[in-house]
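For the record, the sequence lines run as chains A and B. The UniProt record's numbering numbers the first residue of the first sequence as 1 and each following residue consecutively. The UniProt record's numbering numbers the first residue of the second sequence as 1 and each following residue consecutively.
There could be a bad hint or two in this list.
Result set (DSS-like, lysine-lysine): computed pairs, CA atoms no more than 27 Å apart in a straight line [what the hints assert, rightly or not]:
| id | chain 1 | residue 1 | chain 2 | residue 2 |
| --- | --- | --- | --- | --- |
| 1 | B | Lys35 | A | Lys175 |
| 2 | A | Lys108 | B | Lys35 |
| 3 | B | Lys35 | A | Lys237 |
No lab work stands behind these hints, which were simulated from the structure alone. In this text the structure is predicted, and so the values were computed from the model without any measurement.
So the chains spell out like this:
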Amino acid sequence: MTIAPARPSSPTRPVGGTLVEQFELGLDAPICLTWELTYACNLACAHCLSSSGRRDPRELSTAQAEAVIDELQRMQVFYVNIGGGEPTIRPDFWHLLEYAVGHQVGVKFSTNGVRLTPERAAFLASPACHGYVDVQISLDGATAEVNDYVRGPGSYDMALTALQNLQDAGFDDVKISVVCTRQNIGQLDEFQALADRFGATLRLTRLRPSGRGADVWDELHPLPHQQRELYDWLLAKGDDVLTGDSFFHLSAFGEALPGLNLCGAGRVVCLIDPVGDVYACPFAIHDEFLAGNLLAPGGFQRVWQDSELFTELRSPQTGGACAKCQFYDTCRGGCMAAKFFTGLPLDGPDPECVQGYGEQALSADRTVPAASQDHSRSTPTRNQPVMLTLMSRPPVSACAESPLAGFDPGPTAGCCP
Amino acid sequence: MLDEAILDQAWTLSPSVALRPEPFGALAYHFGNRKLTFLKRPELVAVVRALGEQPDVRSALVAAGVPAAQHGAYADALARLADTDMIRPRETDQGRAVA
Ligand code: SF4
Ligand code: SF4
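Produce the complete structure using the sequences and hints provided.
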């Protein structure tokens with residue numbers, strides 16, 4: 001199936017132009033590469049974007065993972081976002097971390113904190129990591145009540161213990177990573193206070209209906225007035241907050257948010273999954289967005305540069321129903337994955353279109369695609385969230401003027417998880 | 001323009017910076033401060049690469065074929081690259097260049 005709507009045939013790349021225009025045509029290597037090392041996880045978050053739980057027996061071996069790092073070094077991919085599952089429960093995680101930084105591939109890894117003991121925290125703060133390692137602790141509520149509702153009992157305390165250990169070890173500038181939901185939008189100031197307390201940087205990202213997130217999206221995604229609240233908060237207080245440019249659909253409220261306003265999937269963004277499958281985006285783990293496997297001849301480079309899917313994603317898109325919208329320049333129709341997993345046309349409005357067209361589209365006829373894989377555990381774990389008990393609270397226009405040197409999007413631009 | 005003083009100085013690519021060629025120019029990554037910058041024109045990439053081999057910035061611009069009328073704009077761009085240590089003043093025979 002063709003995943004994107006009809007569009008004019010293959011263009012030659014213009015010289016100059018805005019960076020967004022160039023990015024839409026793709027790069028020789030990704031800027032935001034996410035690598036999920038394992039589908040195994042000690043938690044079972046209700047909204048897990050990769051439906052993680054059980055280890056996949058075909059998981060890349062240590063030697064295969066090292067070979068991936070060697071290739072990333074050759075392609076000059078300067079850093080990867082490592083996630084999972086819970087990456088730190090892979091026995092060779094710490095080895096691979098050192099291997100990567102030793103090969104000029106910086107690492108930012110996302111964790112629920114389970115293995116961040118005082119010893120590991122001291123290691124991360126030590127010269128062995130050359131300052132090439134960023135740590136991102138996932139927390140989806142500023143209080144245990146709100147966090148544990150989606151991430152499971154005990155997960156709040158686990159994250160805070162990890163933050164404490166990192167702070168005690170002198171690890172600098174850890175990131176606290178929050179997926180914004182209906183339940184936690186009211187806690188933005190509290191999240192910031194928590195970050196300040198641990199000398200951390202706050203990172204807010206968008207909930208997408210990916211993985212298990214598809215099952216709970218209706219209940220968790222922010223309501224229209226909360227989107228406004230988030231947008232206003234980002235404009236007023238968000239200067240030092242990271243967003244991975246994930247809220248560019250909010251730009252249609254008026255003023256564009258800073259960062260890359262485009263869907264980077266297959267253009268500057270991609271995902272390597274634990275078995276070496278390469279997807280267009282970490283939020284698009286589905287056969288429709290599978291570009292190839294890096295164990296095949298030609299490796300990752302071949303998939304990135306030549307796969308049919310990525311070539312197609314890099315050809316000019318038509319705006320479809322959004323083309324007439326006055327905010328199309330910054331909103332660009334929003335998130336491809338969000339549309340796909342809610343069964344909306346890829347060339348129409350985002351399900352959370354702030355102009356209200358998403359709701360209209362959602363109420364029309366649509367078929368939500370079936371998941372193409374699921375690593376959830378079949379039996380509930382001790383930490384499984386119940387999601388029953390919560391009662392209380394409920395991306396580059398910046399470079400347009402600059403003909404020469406571009407802007408600095410930081411190492412997290414383009415919808416990394 | 002103040003930045004134009006740079007034209008007569010000796011500069012070089014910072015040793016912590018890697019340039020990754022891209023269809024539009026290059027992506028510059030600084031391993032020290034982890035800044036990522038996009039050089040949106042092949043000419044700018046040529047200039048940045050030539051800096052270390054040429055006696056001064058102006059010669060690097062000439063070597064890269066940048067017309068004199070654009071030297072001011074390039075000086076400006078180079079000054080911005082200097083702000084994040086992508087390029088830095090070079091030690092010369094006459095001693096350290098004055099930035
Ligand atoms: S907009 Fe959506 S599909 Fe595109 S890169 Fe971001 S998360 Fe992925
Ligand atoms: S109509 Fe499309 S472009 Fe306009 S705000 Fe909605 S999603 Fe964005």
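Hints and how they fare:
1. Lys35/B to Lys175/A: It holds: about 17 Å lies between the C-alpha atoms, which stays within 27 Å.
2. Lys108/A to Lys35/B: The given pair, whose Cα atoms are some 14 Å apart, holds under the 27 Å limit.
3. Lys35/B to Lys237/A: holds, 23 Å
The structure is consistent with each of the numbered hints, conforming to all of them.
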